[in-house]
Structures are given as structure tokens and as C-alpha cells.
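**Student:** Using my numbering, the first residue of the sequence shown is number 1, and each one after it goes up by one.
No lab work stands behind these hints: they were computed from the structure. In this text, a Cβ means the ideal position worked out from N, Cα and C, and glycines have one as well. There could be a bad hint or two in this list.
Pairwise CB distance ranges, derived in the manner of DEER restraints [claimed, not checked]:
1) S56 with Q117: 32 to 40 Å
2) S251 with D55: 40 to 48 Å
3) E294 with E252: 16 to 24 Å
4) K90 with C246: 41 to 49 Å
5) E294 with M99: 18 to 26 Å
6) S56 with L116: 16 to 24 Å
7) K207 with C246: 14 to 22 Å
8) Q170 with K273: 33 to 41 Å
9) Q170 with N124: 20 to 28 Å
10) L147 with G284: 33 to 41 Å
Taking lysine-lysine and the DSS-like style, the derived pairs with C-alpha atoms no more than 27 Å apart in a straight line are [what the hints assert, rightly or not]:
11) K91 with K149
12) K273 with K248
13) K260 with K159
14) K149 with K101
15) K144 with K165
16) K34 with K101
17) K196 with K159
18) K248 with K165
19) K90 with K115
20) K115 with K103
21) K149 with K165
22) K101 with K196
23) K273 with K260
24) K118 with K149
25) K149 with K115
26) K159 with K207
27) K34 with K91
28) K207 with K248
29) K273 with K91
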Amino acid sequence: MKALILLSFLVCFVDGAFAQLYDTFAATPLAVGKSSYSGVSWSTDGSSILYAFPDSSGVYQLYCMEADGHNISQLTIDTNSHMLPRQHPKKAQIGFNTMIKGKHALYFIEEANPKLQKLLINRNIQMKGLDYNPTGNLVSLIGKSDLDKQWNLYTYDFKYNNLNKLTDDQDEITYARWSPTGEFISFTRYQSQNRKSQVEVIHWYGKLINTFSDREADITDASWSPNGYRMVYVFTANGVSRLMICRKDGSEQQEIFSTKGIVHAPDWAPDGKSIIFTLETPEGTFAIWKISLE
């Protein structure tokens, strides 16, 4: 049963999961499972939600459900795990990363052709975590060549067949997201020296624009509002994960959700009215949640 929980309550209970909630926003658990969800994201029109979840054999498959959590459809049936789905902004195409013989590669499926197709060919590099820019002409991806020590941020230009490395191979990079204008890319950097994570925003060609960091906390998984003026990210300290909203320059920070569990992958709805994310509780419950911002 799906419950609607007002964030003005101090504590909520969903299938054994406790979360401390604030302000007057509303949170809805859309799906609850016994394994972790991977790569929850909105479709480009906001009518559905994409995610990956393990089947009975433990292999991650791609799924799609309506924005209210109903009518779940399985998109892939395969012996290889598929994760982190993202929809192409201009096509009925979903890109994702696949594990084949222990190696990461990017593939896509189309509505008219459910057969798996490789997104980038003739590239001697492992790839995962793609995101399309607003035109679909470029993708950001997390890649690792045989020469790389860490997972780095790359972009690929489909028109010119250019693969560009944007980070310095000093720290591990995850969770890259394009801004709605296509000017900027945000990503998470795990700093090996102090073992803390921070979010960085760069121009699409690599120039650093802004950094979100805290000495006592990990800041991860930033995503953009549809107008590009605001960002949502995860702030984790002292065993508590918080969802924070701020302006793209880091000002006007506001907490909208707090839990002793682990929050990942917030994604802002195309209409700007809600945010979805995944939650893992200390009790071992996994769920996809949606927060209404109205």
C-alpha cells in the first residue's frame, strides 16, 4: 500500500523504514524492494520513471513505471546486468551501462527495436553512467581506459566522433549530469587524500565553475532543476543523509528530506514539481521515493 506522508511530521514509517522529515513537502514511496534500485531517472516527458532492479537470478534488468508508481513494465530480459538508464532527449531511446564479462560498456534500446545496441563502438575504454546533453548530440560518461588509474569524466560527440577526457585521473568520478542549457556538467569527485566526496560544476569543455564541499560531510549526486537555476544534491554526515536544494551558485540552501538511511540519485522532474530518489534504510529496506515540491 502506498502512503502519503507529510514532511511536517517528525517521523514516518514505511515497511520498517524510518525517516525524519521536515518542512511541509510531501513524500511518497513509489516502490519498495529487498534489493537496491539502480539509476532511477525521469523520462523526458515526465510521464514515467526508469530504473534498474535485480530479477530472481540477481541480474539487474531495466524497468519503467508510471510517475505514480503504477503499471510497471520490464524493458530488458538478459543474462547481463543493465544499470543507470537515461532517456535520449529527442528520441524514444534509452541508454544505459551493461556489465559483460566484468567490463562496463554503454548500450541503448529503442521503442521500435528492443534489441540491445552498442552506443559507442571501436573505443578501447570501459564506460558507464551516461547522460545525454539537451540536444542528444553529446553524452557525458564515466570512463576508464587501460592507462587511467581512476574512473574519469569524458564526453563523446556523436557528430564528430570525438571522445574527450575532462578530469585529471587523480580522483574517482561518478554521477555526471548535464545542465538543462547544455552549458555545464555536474559530477561527484571522491577525493582520495581526505576520503571525502564533493560536487563540482564545470563548463562542458572542462573549465571549473563551482565546487560544493564540506570538511565534515560527503556531498554527492547533484542534479539540475529543469530551468537550470537550482540543484538538488545529497549531503551525508554523522550517519544521516539529507536532500538539499540550492541555487546553482550554492546559495539559498534548503533541506527537504533527512534520514538515517542512504540516499542516492535524486532526479528533478521535467515539470519542476517533484524529485525522485532511492533510499536504503538501516533495516535493509530499499525504495524509490518521490517528494512533491508544491
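**Student:** Given a hinted range of 18 to 26 Å, is it respected by the beta-carbon distance of E294 and M99?
**Tutor:** violated (39 Å)
**Student:** Verify the proposed pairing of K149 with K165, using a straight-line Cα cut of 27 Å.
**Tutor:** holds (13 Å)
**Student:** Just tell me: holds or violated, for the beta carbon distance of K90 and C246 against 41 to 49 Å?
**Tutor:** violated (29 Å)
**Student:** Between K273 and K260, does the CA-CA distance stay at or below 27 Å?
**Tutor:** Given that 27 Å is the threshold and the Cα spacing comes to 25 Å, the pair holds.
**Student:** Is the Cα-Cα distance between K248 and K165 27 Å or less?
**Tutor:** Holds - the C-alpha atoms of K165 and K248 are around 24 Å apart, at most 27 Å.
**Student:** Please work out if K115 and K103 have their alpha carbons no farther apart than 27 Å.
**Tutor:** Holds - the C-alpha atoms of K103 and K115 are around 20 Å apart, at most 27 Å.
**Student:** Range first: 20 to 28 Å. Now tell me if the beta carbons of Q170 and N124 are that far apart.
**Tutor:** holds (22 Å)
**Student:** Check the following: the C-beta atoms of S251 and D55 are separated by a distance inside 40 to 48 Å.
**Tutor:** holds (44 Å)
**Student:** Can you let me know if the beta-carbon spacing of S56 and L116 is within 16 to 24 Å?
**Tutor:** holds (20 Å)
**Student:** Hey, K149 versus K115, does the alpha-carbon distance stay inside 27 Å?
**Tutor:** At roughly 33 Å apart (the allowed maximum being 27 Å), K115 and K149 break the hint.
**Student:** Within 27 Å, alpha carbon to alpha carbon, are K118 and K149?
**Tutor:** Measuring from Cα to Cα gives roughly 25 Å; hence the hint holds.
**Student:** Could you tell me whether the CB distance from S56 to Q117 stays inside 32 to 40 Å?
**Tutor:** Roughly 26 Å apart at Cβ, these two residues miss the hinted range, so it is violated.
Consistency note: the structure conflicts with the earlier hints numbered 1, 4, 5, 11, 13, 17, 22, 25, 27.
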